[in-house]
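Protein chains: 2
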Amino acid sequence: MKLGIEEIATYLPKNKISNFERLQEFDINHDFVNKKTGFKYLFKIDKKDQASDLCMGAFFNLEKNKKINLDDIGCCVVVTQNPDYNIPNVSSILHKKLKLNQNCSCFDISLGCSGYVYSLSIITSFMESNKISKGLLFTADPYSKIIDKNDKNTSLLFGDGASVTLISKNKKYETGKFSFGTKGENYNDLICKNKLSMNGRSVFNFSAKNIPVDIIKVLKLNNLKKDEIDLFILHQGSKLIIDTIRDKLNIDKRMLKFYASEYGNLISSSIPFALEKEILNPKNKNILISGFGVGFSWSSTLLKRL
Amino acid sequence: MKLGIEEIATYLPKNKISNFERLQEFDINHDFVNKKTGFKYLFKIDKKDQASDLCMGAFFNLEKNKKINLDDIGCCVVVTQNPDYNIPNVSSILHKKLKLNQNCSCFDISLGCSGYVYSLSIITSFMESNKISKGLLFTADPYSKIIDKNDKNTSLLFGDGASVTLISKNKKYETGKFSFGTKGENYNDLICKNKLSMNGRSVFNFSAKNIPVDIIKVLKLNNLKKDEIDLFILHQGSKLIIDTIRDKLNIDKRMLKFYASEYGNLISSSIPFALEKEILNPKNKNILISGFGVGFSWSSTLLKRL
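Taken in order, these protein sequences are the chains called A and B.
Each residue of the first sequence is one higher than the one before, counting from 1 in our numbering.
Each residue of the second sequence is one higher than the one before, counting from 1 in our numbering.
Worth flagging that the hints you see were computed from the coordinates, not collected in a lab.
Here a beta-carbon is modelled for each residue, glycine too, at the ideal position from N, C-alpha and C.
Some hints could be false.
With beta-carbon atoms standing in for the labels, derived distance ranges [as the list claims (entries may be wrong)]: (1) A:Lys-195 / B:Lys-220: 48 to 56 Å; (2) A:Leu-221 / B:Asp-151: 46 to 54 Å; (3) A:Asn-194 / B:Lys-131: 37 to 45 Å; (4) B:Lys-285 / A:Asp-71: 23 to 31 Å; (5) A:Leu-70 / B:Lys-131: 29 to 37 Å; (6) B:Lys-217 / A:Asp-247: 20 to 28 Å; (7) B:Asn-69 / A:Asn-223: 26 to 34 Å.
To give an idea of the chain B side of the interface with chain A (calculated C-beta under 8 Å), a few residues [said to hold, decoys possible]: (8) Leu-23; (9) Gln-24; (10) Ser-105; (11) Thr-182.
From the derived model, a few chain A residues whose C-beta atoms are all more than 12 Å from chain B [what the hints assert, rightly or not]: (12) Asn-15; (13) Glu-21; (14) Lys-35; (15) Asp-46; (16) Asn-86; (17) Asn-130; (18) Lys-145; (19) Phe-178; (20) Asp-243; (21) Tyr-259; (22) Val-294.
Kindly produce the complete structure, drawing on both the sequences and the hints.
This is the structure in structure tokens:
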């Protein structure tokens, strides 16, 4: 039995920061925010909060739309690079907080902006192979814990947030074939030794070069043409990278949007944040999603409405 | 096409420590080492070394027995809770070090002593679902980075080491059905805030209570009786836990052994270290493996010789 996406919910913490109030501090102008990064606002967790708290926020929002019988949850996966602790996995902490049942399998995956697409494949193939019919896929990566507030390359870009995707047989969308890729040679250009360090130009060039190629590849893998896709949802790295990839692929603005101006680059949560809204529209029959970043790593697939 | 285990290789760093030389320091006697922990020696990485260095050591040892065409590797997974950095994933660093190809998918899994069994399921189902025919599964968890040398509860137990398992169609062993379990309520009893902290009694009681039950469960899942299993390989948490579980299940000593006296508790590497030797013996047709620890989390499965 093939599994897919039944529901998605998201969560933003309360502390809202306006990047327009930081123009002088970073010696930038309105155009930098409006046209280059596109990120007008960012949200930050409280110091006392952790990845598992963000996940719980997303779960409470999921419950508002959907009654979840926690005893039915057979798998709980968390995608994060900023876990509460390195030991144990965040999914075990959620297992306690959600009072999941003893047979529920729990593990964390360490990936960045490619993490949601990757994990859709990892969790559905794991669940199908082990005949688990209902699972929760969380993304939560509080980069504010590792960002140097004075670093222009990162401080104006990344926001905190989380998502949860209910994976089940009662799916709205099923995944098609996946494409995965890695360029480990560049890993040093996006790394956290003490604080996050990013060579923005390197990440941009990598994305602008490889992601359009990968999108064409995943179209072919799924026997679809560009104009058979109703919506392209890309990792929201910046407005500029979204505009650049859209231009390269010659896709209409309404079909490849920038969603993140109100909350910033949410790492592995950026695609589910966009998806949460878009899957409510039944016209979105074929959605192509693509995530790319840390590693360098990327992954794309098709979401097909049922 | 079902995938399985083709080869396993392991690696220990050079620095060898004798626990017998630490009896006075910790106010313990020979019996504590010989009968309770069972760990006579431990190995420690150099300060400059990281998880990826341990993985490379295991890979070089794999290459001694088996010619690997790196261009054929379509998937690289690392199980660790002590990555080189939290960003990026260790598998991306290995991607660079091994010069893997651009289509190779790479991700890390955060799990402790249950990690190898879990990851066998995760990587094979992921690879089968994405039609990837050859992959590398690494385990490497250098706990010496997080251990307080003066903490009797941890300092005498954990050693550094790594393993690599070649997953392919040319398999020697295929996995059967898996059992997974989690008791998040206990996660606080084995946690790393700054340094590793362990409530040994809690971990022991959890293992002694749940693992025999899980072994019976996984036998049933695979339609086998206890006497149809040629070998039980359990996570090597201590000699005492191995002896206790063996007694509870009333299994012969030759069929459920303690392997780790010469190198200690290697976390996710402890099962592949034992397997490396045992899969050379063609008499080991049905091997039951079970990992348990951090989370609290456990996983068991059958390995069936082909």
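Which of the numbered hints above does this structure break?
As far as the earlier hints go, 4, 6, 8, 9, 16, 17, 18, 19 and 22 are violated by this structure, in ascending order.
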